[in-house]
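Peer 1: Spelled out from the first residue to the last, the chains are:
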Amino acid sequence: MKFVFPLVLSDRITLPSGVTGRIPFDVGQLQAPNNEAMAVHEIRFFCDLAAIVPPNNYNPPNTSDAGPFLRVSIRVGPYLICDSVPMWGLSASRDNTLEGAVWRFPLKRPLFVPPGMGFNVTAERRPQTVLGVVAEPGVMLGNPVFLSCTLVGRVVTEDFPRTTPVPYVSVYAPDALAQGTALRSGQQDLVNQLDVPVDVLYGLGRIAHVRQQNRGTPTLLFDFDCSDISLAMLSTLAWKTQAIFHDAEFHVAFDPCSRVVGLAGLTLPAGERLSFQANAPVLPALAVLTPVADAWMPVVSIVADRKENV
Amino acid sequence: MPPKKPLFLRRPAAREVEGKTVVPNPIPQEELRRRVPFEPMRPPQADPPHAEMVPGQAATLEEVTVQGETVEMIEGVPQRIPALFKKPVTPSSWPIHLTAQVLLNPTQNGAPNFQALRAPQGSWMRIDEIKFSVALLMSDYPGLVLSQMMLGFGAVVGASFSLAGKQVTAGFVPVSMFGVSRKLSAERGAFNEPGGSPAREWSHVEEYCWPLSVPIYVPPGAVLEPVFEHRGFLDYATHVTVSYSGVVLNDPPSIAERSKLPFASAWVSQALTLDGGHNLANSTEKDLVGPTGADFNVEYLMGRVYVACQTNTLGVVRTLAENDFDTGHILVAVGNGDVISNQAEVRLRGSWGTAMVPDYKLFPAVFDRVSRQVLAPHVMPAAGYCLVGIRSNATRADASLLALVSMVGWQEVSP
Chain A
1 MKFVFPLVLS DRITLPSGVT GRIPFDVGQL QAPNNEAMAV HEIRFFCDLA
51 AIVPPNNYNP PNTSDAGPFL RVSIRVGPYL ICDSVPMWGL SASRDNTLEG
101 AVWRFPLKRP LFVPPGMGFN VTAERRPQTV LGVVAEPGVM LGNPVFLSCT
151 LVGRVVTEDF PRTTPVPYVS VYAPDALAQG TALRSGQQDL VNQLDVPVDV
201 LYGLGRIAHV RQQNRGTPTL LFDFDCSDIS LAMLSTLAWK TQAIFHDAEF
251 HVAFDPCSRV VGLAGLTLPA GERLSFQANA PVLPALAVLT PVADAWMPVV
301 SIVADRKENV
Chain B
1 MPPKKPLFLR RPAAREVEGK TVVPNPIPQE ELRRRVPFEP MRPPQADPPH
51 AEMVPGQAAT LEEVTVQGET VEMIEGVPQR IPALFKKPVT PSSWPIHLTA
101 QVLLNPTQNG APNFQALRAP QGSWMRIDEI KFSVALLMSD YPGLVLSQMM
151 LGFGAVVGAS FSLAGKQVTA GFVPVSMFGV SRKLSAERGA FNEPGGSPAR
201 EWSHVEEYCW PLSVPIYVPP GAVLEPVFEH RGFLDYATHV TVSYSGVVLN
251 DPPSIAERSK LPFASAWVSQ ALTLDGGHNL ANSTEKDLVG PTGADFNVEY
301 LMGRVYVACQ TNTLGVVRTL AENDFDTGHI LVAVGNGDVI SNQAEVRLRG
351 SWGTAMVPDY KLFPAVFDRV SRQVLAPHVM PAAGYCLVGI RSNATRADAS
401 LLALVSMVGW QEVSP
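Same order as they appear, the protein sequences are chains A and B. Per my numbering, the very first residue in the first sequence carries number 1; after that it's consecutive. Per my numbering, the very first residue in the second sequence carries number 1; after that it's consecutive.
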């Protein structure tokens, strides 16, 4: 491919509060103008909910992260990239307390998009239910969420390839599970649902802690990515009977900072899946706050790619 | 007459090699292949054994001669180590770190003492990273209490570099706009100076790094000359420290290595009034430009948005805060739902007619909120430029918005 000049395409949608279901981005905004071909290097999402907090009255709200509560599905032309994957399943972490509401999915190899082909991206909110209380992170609750999707790439003018690597992401991301529950991926999780084999590049693993408290009015507190390695959770990731890691501490098997585990060299045939299992931690009750329920939301994904004809 | 080949197509065509795109180096192959001859260290050669020496009778020797140096032996043990064997291994390079400081008053320019940044005599120096520290010291303003959110020195202080008459920057580039942001809280800090100040009288500092993708080779005794300017957004003198991190080389770099030099250019918008209208700011053809008479190999663009506020609670104090706070928080809409940085939009177009960002898009959606960067490797032809448009419809009575955009990459120079 002959790369010429950079191109940044972006679109922004509104995800209203209380509305489930997928909302699409504008395909026209995520398509190279002037009927040009392009190569995409990075897919990025940015969520802005917000007003400013004036710098002379700085009073930060509770830290929270919409990562497991926002899901996206991405398709480029006829090729599926991911289906209903939480943001945490797409993006390695750059800093646990920093990233807030931006998720970055750099592609290992540029994705060639021929003229006229665009990205079909949809997003959805996925609030969780804990003991019958439907809730989201405090900052999202009752507020519309504005989500931007950005494609960073370059215009291609010559030497168009005949095949292109297309990324593929599959995830295990169940709804909130009570503490002490066994976390077990199912037949539709971490699966290669394509009809071609995929080359797995790396895995991502995070787990969120959701706590419902009863202080008069039921409230739900949300703790973001629990990379605290003192929360021991032995986990196993395997392909059939071959363990990739067995009874390994979750927050060490998945790098505590980036949340990545290297899986390069693994080719997952069509229809095959990886299996993940762990036992969710059990937190001791806090006498002061009298928690009602604790729940866990794991997000474990595999990021792969395959060659497709264009 | 055949059509004139566009300037930007002078470069050899890129080709695919094993799935990777390779752009052939325009440097002649013979220069690329040129290497300083490598001479392996040879082990020291001992003198030939004495004619009368009988193998196995070393224990009886009273002395041994090694390259003309006689060493006394007692029962086969040398009484000292010959000087030959004490010669240290000489590395091909040795780390070096040079630092200099300058005090800048508002709206003034200044340069540090170049002697502190001079390459050693007789040795080439390779600079791999440039670091900046910009501080406001309470010892300069005793009794002044600043807002804890006061920051923005990275936008206030600009730097310009030149090496032997070759410009590394197009004018002054804000020091926060060279290197990729790693984390806002790592860039800024507050501290109490030695000698003590009361609790709220914190000195403020911001620190930035520019890791050079293309190192700078400084000839022996030469200086990569920095000049700084204080743009005057903040009415306080700032202490600027610049550091060069690199190595001293035993052997001179090749011509191919000396043929590249980093380059950066930047644009700082005029202050946008935040009155709810669609206020615009546009760069000109002289702002985001490349090196004079040469192509600009751009690697990435940086973008930051600052909000300048006149606060009343702290008297007449102007603060310049970078609005995408490093809190990891998703800020909740309150009151009338003011949004400043999240309602700043940006558009980017190149002089070659191609739009990089065709229409106004949310600023933090274009420039990654964490790194402030958009990876955009390309070659901007000589005499080319990039045009940036900023607009915002945010509302805030006592504030104005400032946008900074820079282009960072490298240029080819005659060695």
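Simulated from the structure, these hints should not be mistaken for laboratory data. Worth double-checking, as some hints may not be accurate.
Unchecked claim - According to the in silico footprint, chain B covers these stretches of chain A (three or more CB under 8 Å from chain B):
hint, segment
1, 7-19
2, 32-45
3, 102-113
4, 155-161
What the hints assert, rightly or not - In silico DSS-like cross-links for lysine-lysine, where the CA-CA straight-line distance does not exceed 25 Å:
hint, chain 1, residue 1, chain 2, residue 2
5, A, 307, B, 131
6, B, 131, B, 166
7, B, 286, A, 108
Stated by the list, open to error - If we take Cβ atoms under 10 Å as the criterion, some of the chain A residues that face chain B in the derived model are:
hint, residue
8, 3
9, 4
10, 29
11, 48
12, 73
13, 75
14, 126
15, 146
16, 149
17, 152
18, 165
19, 234
20, 279
Beta carbons are placed, not taken as given, at the ideal position from N, Cα and C, and that holds for glycine.
Peer 1: Would you mind marking each hint as holding or not holding in the structure?
Peer 2: Against the structure, the hints:
1. With 5 residues carrying a beta carbon less than 8 Å from a beta carbon of chain B, the segment 7-19 of chain A meets the three-residue requirement, and the given coverage holds.
2. Counting residues of the segment 32-45 of chain A whose CB falls under 8 Å from any CB of chain B gives 4; the rule of at least 3 is met.
3. Closer than 8 Å: that is the beta-carbon criterion, and the segment 102-113 of chain A has 4 residues meeting it against chain B, so the requirement of 3 holds.
4. Look at the segment 155-161 of chain A against chain B: 4 of its residues bring a Cβ nearer than 8 Å to a Cβ of that chain, three or more, so the hint holds.
5. Between residue 307 of chain A and residue 131 of chain B the CA atoms are separated by roughly 42 Å; this puts the pair beyond 25 Å, and the hint is violated.
6. Among the hinted pairs, residue 131 of chain B with residue 166 of chain B is consistent with the structure: their alpha-carbon atoms are about 20 Å apart, no more than 25 Å.
7. With a C-alpha separation of about 36 Å, the suggested pair residue 286 of chain B and residue 108 of chain A falls outside the 25 Å cut-off, and the hint is violated.
8. A hinted interface residue such as residue 3 of chain A counts as satisfied when its beta carbon comes closer than 10 Å to some beta carbon of chain B; here the least separation is about 6 Å, so the hint holds.
9. For residue 4 of chain A, the suggested interface contact is upheld, since its CB lies about 7 Å from the closest CB of chain B, less than 10 Å.
10. The criterion of a C-beta within 10 Å of any C-beta in chain B is met by residue 29 of chain A, whose closest approach is roughly 8 Å, and the hint holds.
11. Interface restraint check: residue 48 of chain A against chain B, minimum CB-CB distance 4 Å, threshold 10 Å, status holds.
12. Violation of the interface hint for residue 73 of chain A is found here, the shortest Cβ-Cβ separation to chain B being roughly 19 Å, above the 10 Å cut-off.
13. Because the beta carbon of residue 75 of chain A sits about 21 Å from the nearest beta carbon in chain B, more than 10 Å, this interface hint is broken.
14. Given hint, residue 126 of chain A at the interface with chain B, is violated; its Cβ is 16 Å from that chain's nearest Cβ, farther than 10 Å.
15. Because the beta carbon of residue 146 of chain A sits about 8 Å from the nearest beta carbon in chain B, less than 10 Å, this interface hint is met.
16. The interface hint given for residue 149 of chain A holds, since its Cβ lies 8 Å from the closest Cβ of chain B, which is under the 10 Å cut-off.
17. Nearest Cβ of chain B to the Cβ of residue 152 of chain A: about 6 Å, under the 10 Å cut. The hint holds.
18. Interface restraint check for residue 165 of chain A: the shortest CB-CB distance to chain B comes to about 8 Å, inside 10 Å, so the restraint holds.
19. Against a cut-off of 10 Å between C-beta atoms, the interface hint on residue 234 of chain A is violated, since the closest Cβ of chain B lies about 28 Å away.
20. Given hint, residue 279 of chain A at the interface with chain B, is violated; its Cβ is 29 Å from that chain's nearest Cβ, farther than 10 Å.
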